[in-house]
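Novice: Residue strings, one per chain:
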Amino acid sequence: MTKSELIAHLAAENPHLRQPDIELIVATIFDEITTALARGDRVELRGFGAFSAKKRDARTGRNPRTGAAVPVAGKAVPYFKPGKELRERVNGGEPQAAARAKVEA
Amino acid sequence: MNTLTRASLAEAIYSQVGLSRNESAALLEAVLEHMAAALEAGEAVKISAFGTFMVRQKGQRVGRNPKTGVEVPILPRKVLSFRPSQVLKARINGQPLPSGTEDA
Chain E
1 MTKSELIAHL
11 AAENPHLRQP
21 DIELIVATIF
31 DEITTALARG
41 DRVELRGFGA
51 FSAKKRDART
61 GRNPRTGAAV
71 PVAGKAVPYF
81 KPGKELRERV
91 NGGEPQAAAR
101 AKVEA
Chain L
1 MNTLTRASLA
11 EAIYSQVGLS
21 RNESAALLEA
31 VLEHMAAALE
41 AGEAVKISAF
51 GTFMVRQKGQ
61 RVGRNPKTGV
71 EVPILPRKVL
81 SFRPSQVLKA
91 RINGQPLPSG
101 TEDA
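Going down the list, the sequences are from chains E and L. Using our numbering, the first residue of the first sequence is number 1, and each one after it goes up by one. Using our numbering, the first residue of the second sequence is number 1, and each one after it goes up by one.
Everything labelled a hint here was simulated from the structure, so no lab data went into it. Take these hints with a grain of salt, some might be off.
Unchecked claim - Calculated pairs, DSSO-like style, for lysine-lysine (alpha carbon to alpha carbon, straight line, at most 30 Å):
| id | chain 1 | residue 1 | chain 2 | residue 2 |
| --- | --- | --- | --- | --- |
| 1 | L | 78 | E | 55 |
| 2 | E | 55 | E | 84 |
| 3 | E | 81 | E | 55 |
| 4 | L | 78 | E | 3 |
| 5 | E | 81 | E | 3 |
| 6 | E | 55 | E | 75 |
| 7 | E | 84 | L | 67 |
| 8 | E | 3 | E | 55 |
| 9 | E | 84 | L | 78 |
| 10 | L | 89 | E | 54 |
| 11 | E | 54 | E | 3 |
| 12 | E | 54 | L | 78 |
| 13 | E | 3 | L | 89 |
| 14 | E | 55 | L | 58 |
| 15 | L | 78 | E | 81 |
| 16 | E | 84 | L | 89 |
| 17 | E | 75 | L | 67 |
| 18 | E | 81 | L | 67 |
| 19 | L | 58 | L | 89 |
| 20 | L | 58 | E | 3 |
| 21 | E | 81 | E | 54 |
| 22 | L | 89 | E | 75 |
| 23 | E | 81 | L | 89 |
| 24 | E | 84 | E | 54 |
| 25 | L | 89 | L | 78 |
| 26 | L | 67 | L | 78 |
| 27 | E | 54 | L | 58 |
| 28 | L | 89 | E | 55 |
| 29 | E | 84 | E | 3 |
| 30 | E | 75 | E | 3 |
| 31 | L | 67 | E | 3 |
| 32 | L | 78 | L | 58 |
| 33 | E | 84 | L | 58 |
Build out the structure end to end from the sequences listed, making use of the hints.
Specialist: Okay, structure coming up:
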């Protein structure tokens, strides 16, 4: 599913809303998450997951072709940790322990 | 560090789009539910300029209970992974947007 397919689904379910408004709603959600991460905040959506930015320290890298040492600046990397409910849904609706109990039974 | 929740995102929709607070919250929920349903069906969700959520199949492997040292099989399972887009990575680091790179 792409962003435009997501917008099409929402438009079909909400005939009272104009398409540009639906596009704005979807854009606002992802923009708001991005802006929060850029500020160093996290975004926690219970049941779905949490977005955070993990810090990577500055390090000395190497140019793989010449072997020369190159300083690599520190940076932040976006990270998504799926929530429990979504993790279980993706995995066929069962927590690992329950699935194991079934195999052993 | 602050933590934003559904309420903050719903509030952003409310002020940007001018829907009622209730409807803003309902639409946020609908977006998350559509994404979750696609992932549940094993389908990847690609949000351009943000990233791709995808389901990966993991094979069975042997794990160990770290407390007791007892070996237990970790069953084959499906896990969700998120690949941030170049645009998201750049924006988080306050860098100019990469031009001519992938937009997934």
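Novice: Next step is simple, just say for each hint if it's right about the structure.
Specialist: Outcome of the hint check:
1. L:78 - E:55: The given pair, whose Cα atoms are some 27 Å apart, holds under the 30 Å limit.
2. E:55 - E:84: Since the Cα atoms of residue 55 (chain E) and residue 84 (chain E) sit roughly 24 Å apart, the hinted pair holds (cutoff 30 Å).
3. E:81 - E:55: holds, 15 Å
4. L:78 - E:3: holds, 23 Å
5. E:81 - E:3: Between residue 81 (chain E) and residue 3 (chain E) the Cα gap is close to 20 Å, so the pair holds against 30 Å.
6. E:55 - E:75: holds, 6 Å
7. E:84 - L:67: holds, 23 Å
8. E:3 - E:55: Roughly 28 Å between the alpha carbons, so the hint for residue 3 (chain E) and residue 55 (chain E) holds.
9. E:84 - L:78: holds, 13 Å
10. L:89 - E:54: Satisfied, since the Cα-Cα distance of roughly 11 Å is no more than 30 Å.
11. E:54 - E:3: holds, 25 Å
12. E:54 - L:78: Between residue 54 (chain E) and residue 78 (chain L) the Cα gap is close to 24 Å, so the pair holds against 30 Å.
13. E:3 - L:89: Within the cut-off at roughly 18 Å; holds.
14. E:55 - L:58: holds, 27 Å
15. L:78 - E:81: Judged against 30 Å, a Cα distance of about 14 Å means the pair holds.
16. E:84 - L:89: Holds, at about 25 Å.
17. E:75 - L:67: violated, 35 Å
18. E:81 - L:67: Holds, because 25 Å separates the two Cα atoms, which is no more than 30 Å.
19. L:58 - L:89: Satisfied, since the Cα-Cα distance of roughly 27 Å is no more than 30 Å.
20. L:58 - E:3: OK: residue 58 (chain L) and residue 3 (chain E) at ~27 Å, within 30 Å.
21. E:81 - E:54: Measuring from Cα to Cα gives roughly 12 Å; hence the hint holds.
22. L:89 - E:75: With Cα atoms ~9 Å apart, residue 89 (chain L) and residue 75 (chain E) stay inside 30 Å; holds.
23. E:81 - L:89: holds, 16 Å
24. E:84 - E:54: Status holds; Cα separation ~20 Å.
25. L:89 - L:78: holds, 26 Å
26. L:67 - L:78: holds, 25 Å
27. E:54 - L:58: holds, 25 Å
28. L:89 - E:55: Holds, at roughly 12 Å.
29. E:84 - E:3: Between residue 84 (chain E) and residue 3 (chain E) the Cα gap is close to 24 Å, so the pair holds against 30 Å.
30. E:75 - E:3: With Cα atoms ~27 Å apart, residue 75 (chain E) and residue 3 (chain E) stay inside 30 Å; holds.
31. L:67 - E:3: violated, 44 Å
32. L:78 - L:58: holds, 6 Å
33. E:84 - L:58: holds, 17 Å
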